[in-house]
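Fit chain B to the supplied structure of chain A, relying on the hints for placement.
Listed here are the chains, written in short residue letters.
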Amino acid sequence: RVADGVEDITQHHLEIVNKGLVESLDKEIIDNLKRRKLVVQSKIKLFKIEKGPKFSLNWRVKQEAELTRELILSGDWKTAEFRSFNFNSMGIPPHGGHLHPLLKVRKEFREIFLELGYEEMPTNNFVESSFWNFDSLFQPQSHPARDAHDTFFLSDPAETLVIPQDYLQRVKKMHEEGGKGSIGWRYKWQESEARKNILRTHTTAISSRMLYKLSQQAVFTPKKYFSIDRVYRNETLDQTHLAEFHQIEGLVADYDLTLAHLIGAIRQFFERYGIKNLKFKPAYNPYTEPSMEIFGYHNGLKKWVEIGNSGMFRPEMLLPMGLPPNVRVIAWGLSLERPTMIKYHISNIRDLLGHKVDITSIRNNPICRFDK
Amino acid sequence: LIGYLSVSLSLSLSLSLVFLELYSDRIMPVVSVSRNSLFKRLGKVYSEEEFYDLCFEFGIELDDVDPIEGVEDDVTYKIEIGANRYDLLCLEGLARALRIFIGAEKKLPNYVARAPQHPHTMVVKPSVLGVRGVVVCAVLRHITFTEESYKSFIDLQEKLHQNICRKRTLVSIGTHDLDSISGPFSYSALPPKEISFAPLNTTTVMDGESLMKHLDKDLHLRPFLPIIRDKPTYPVIYDSNGVVLSLPPIINGDHSKITLNTKNVFIEVTATDRTKALIVLDTMVTMFGEYTAVPFEVEQVAVVDEITGITTLTPDYTPRIVSTPLSYLDSAIGVKITKEKVQEYLRRMCLPSKLEDSPSGIVVNVEVPPTRSDVLHACDVMEDVAIGYGFNKILDISAPPRTLTVGSQQPINKLTDQLRNEIAQAGFTEVLTLSLCSTEENYDLIGKVDDGLAVRIANPKTLEYQVGRTSLYVGLLKTLQHNKQAAVPIKLFEISDVLLKSDAYDVGARNKRQLCAVYMNTDAGFEFIHGLLDRVMLLLEIPYTPHGAGGYTIKEASPDDKTFFPGRCAEVIVRGTKVGVIGTLHPLVVENFDLQFPVSALHLDVELLL
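Chains as they are written, first to last, in the numbering used here: chain A, 1 to 372; chain B, 373 to 982.
Since the hints were derived computationally from the structure, they do not count as laboratory data. Don't be surprised by glycine CBs; every beta carbon is placed ideally from N, CA and C. Any given hint could turn out to be false.
Stated by the list, open to error - List of simulated lysine-lysine pairs, DSS-like, C-alpha gap at most 30 Å:
1) 497/B to 188/A
2) 180/A to 213/A
3) 279/A to 223/A
4) 711/B to 180/A
5) 531/B to 188/A
6) 539/B to 172/A
What the hints assert, rightly or not - Residues from chain B that face chain A, not an exhaustive set, calculated with beta carbons under 10 Å:
7) 427
8) 428
9) 542
10) 646
11) 780
12) 781
13) 797
14) 800
15) 807
16) 840
17) 862
Excised from the complex, chain A in its bound form:
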């Protein structure tokens, strides 16, 4: 014999647990029994309930969420219970309509011009003749911008109907031969080319019309003009380019204006836009001389960005109109979309202009404040 007898220790332990004396057992033994799934540890929660001061058997007492008309009229508000209010949830957005973000920015720019005494030009013709869009601005007919590649030409109406003939002859002469101190472009100017209709590539075409109109006055009066309207470029489309966009333009026509005046006018304008730090780079436009690209230090982006373009209109443009020789015209321009996209952190122009704009973004678009 190896052992005297068999003792079932586990059975003995289980009997102790059954008697409710589990605390007397070692932890190791209990863990072992648990592992072997012979015992199960369960929790029993005990509650002690007493009657509180507001004890009631009446089920109808409820907590009010809000003051109501009935509560006021009945006077029950004095005795009613009010739930504590959760101030941290969002309110219900008000219903209503909304204005378009780009047009909100347009309104701000319009106001800047009006505050500074500028007169709005009538720009309601998107269709323009090459004459007013290019030739009257002394832009030569072989200029690449007049390529079908960049400009929308029209098949209907293909040609413009009326151009003031005596003015046209003076423009032709200036292109072909020059005169009044200029050697001109010296090429053969074609009226048929000038008659071609296009979708205007800049609102400077309107500025030209207005200056011509001004020159037809019996007596010259100084003017400050502005416009903000749509222009068209037939170019490859990408994230920041659509075929149509808006141009902002300001111009001053007065005796003896100088380059310093142009810089001053631009500073005055952009200061109200919120950019006070400017610098100017010599540039080239066919119809302005001098020409300057305007760079501004953008406080939000913390860097210098190109914010506009400017110049003094060439005498070759102004003299055929018949403006007095010491009248000079200074002008500057920028696009409307660019400042809007910067301000509202929009990277794709299709999120701003056109039918792909998300309506919700129009609703959620903040007030346009240039001072912030």
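Okay, now just chain B, sitting in the frame of chain A:
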């Protein structure tokens, strides 16, 4: 490497935001130069930022910095220049101008055109008239090419061909090894089959017709073939031995090709525009004149017109003087320009000048060099004086003009803004859509018949830009189409211009300011759109007068109008004139825009409500 990478990245980031240049020429030429070569010529090394600032002051822009494959310590600077400065299109010209600008070079180059006792001649035959009538020529004597300058020589021709030559259609350049050919030269136009030569880089002789076929496979030259391919005669330049120098504007002959060993270069520039031909010739010779034995001296060629018998020596450097009173420069720039300083400012900009006393004050006479074809008028001189002075120095004394005027608005714009505010307050959300669309969208898809009033575009790049819209429905419906995630009811509006043909306006077309509002919901909601109409009329003080004539009334419209659902469409009439329509859109129209809810719409002519 990391250092310059991060600077150029920030530069290109800031430049990637460069938006639509509105005033400046959209085709801005870019010249690529080796930074090290450029700095060597300037005699100074700049940091990228310093160089960017120098370019800024001068009027050009450092656009991009590219690494050079296989070269560690040099990079390519891509510099954007003004489209009117052909003298900056290559390293030679750019470096020359900048050197003078920074003061590293005090002396301006003296460009001289000289004819020897027996100049070479180019005889112009009558046959070129009407084909490509202009030719001008020059000789660069005792020139020495290096690999770099030779490449620059070829590149400049390419650049000029792209820019002022308008892709060779107006002007084209041919350069030849003068020692391989002998004058007198002749310029004529012959039927393609009669011209036979081995074109550049081949030994096979072919006639004009075979040449066209052969070159059709050449991707580089193929775009230029249409300039002459279908003409009955092709322009061709021969030497006295019948060797073909070139077939303008397509290709040169292999016989006279230029190599690194070429010592004397013959340049012929053929064109349809004489002014541009001369500018191109001047540019070629002044740029590479720095490599000839006598710097900047070009040998003239006699161009003989066989019809008139007149001989012209080209290029012609008869000095062109632009005179301007010093007081003009003052009064146009707005800063005091002294007679001591004005010549210095002009010299900085490569413009030599002389001062002259006159009864009315000092006159500045600028001798415009052949590199500056951009100077047309005294205002160009004035700009250069201002650049020489420094645009940004003018900032300090600048003030706005004292012009006293009062502001004013265009009545239609003022009314539009007032209406926009009110309609938004009425619960409608404003959209701003594109004014160009396809013909189908403008008519068929909205159930309208083509009335011939739409303005049509001749050269759209895509179908989306075939016509100008004649109503505002399309933009609003497409907006609804792209906003399927929005909860109904959706209320949108737009007050904007449409384009219409009209003989009453000088261009033959006009804009019209219109208002369109749409309501989309599970029910068509005609009454809501109607409510908006009533509100707009109330705001414009137009009373509802169903029987009288003093206000507005609504009259049921014909069921033939396919834009609207029959029986749910009416005309809006104000004081006897129809100003618009109101109704529920036809289900077919709704389906055309992939919408699953009915839509009611209001469309008014705002100009009639002014």
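Comparing the hints with the structure gives:
| no. | hint | result |
| --- | --- | --- |
| 1 | 497/B to 188/A | 22 Å, holds |
| 2 | 180/A to 213/A | 21 Å, holds |
| 3 | 279/A to 223/A | 26 Å, holds |
| 4 | 711/B to 180/A | 25 Å, holds |
| 5 | 531/B to 188/A | 24 Å, holds |
| 6 | 539/B to 172/A | 25 Å, holds |
| 7 | 427 | 9 Å, holds |
| 8 | 428 | 5 Å, holds |
| 9 | 542 | 6 Å, holds |
| 10 | 646 | 8 Å, holds |
| 11 | 780 | 5 Å, holds |
| 12 | 781 | 5 Å, holds |
| 13 | 797 | 6 Å, holds |
| 14 | 800 | 4 Å, holds |
| 15 | 807 | 6 Å, holds |
| 16 | 840 | 7 Å, holds |
| 17 | 862 | 7 Å, holds |
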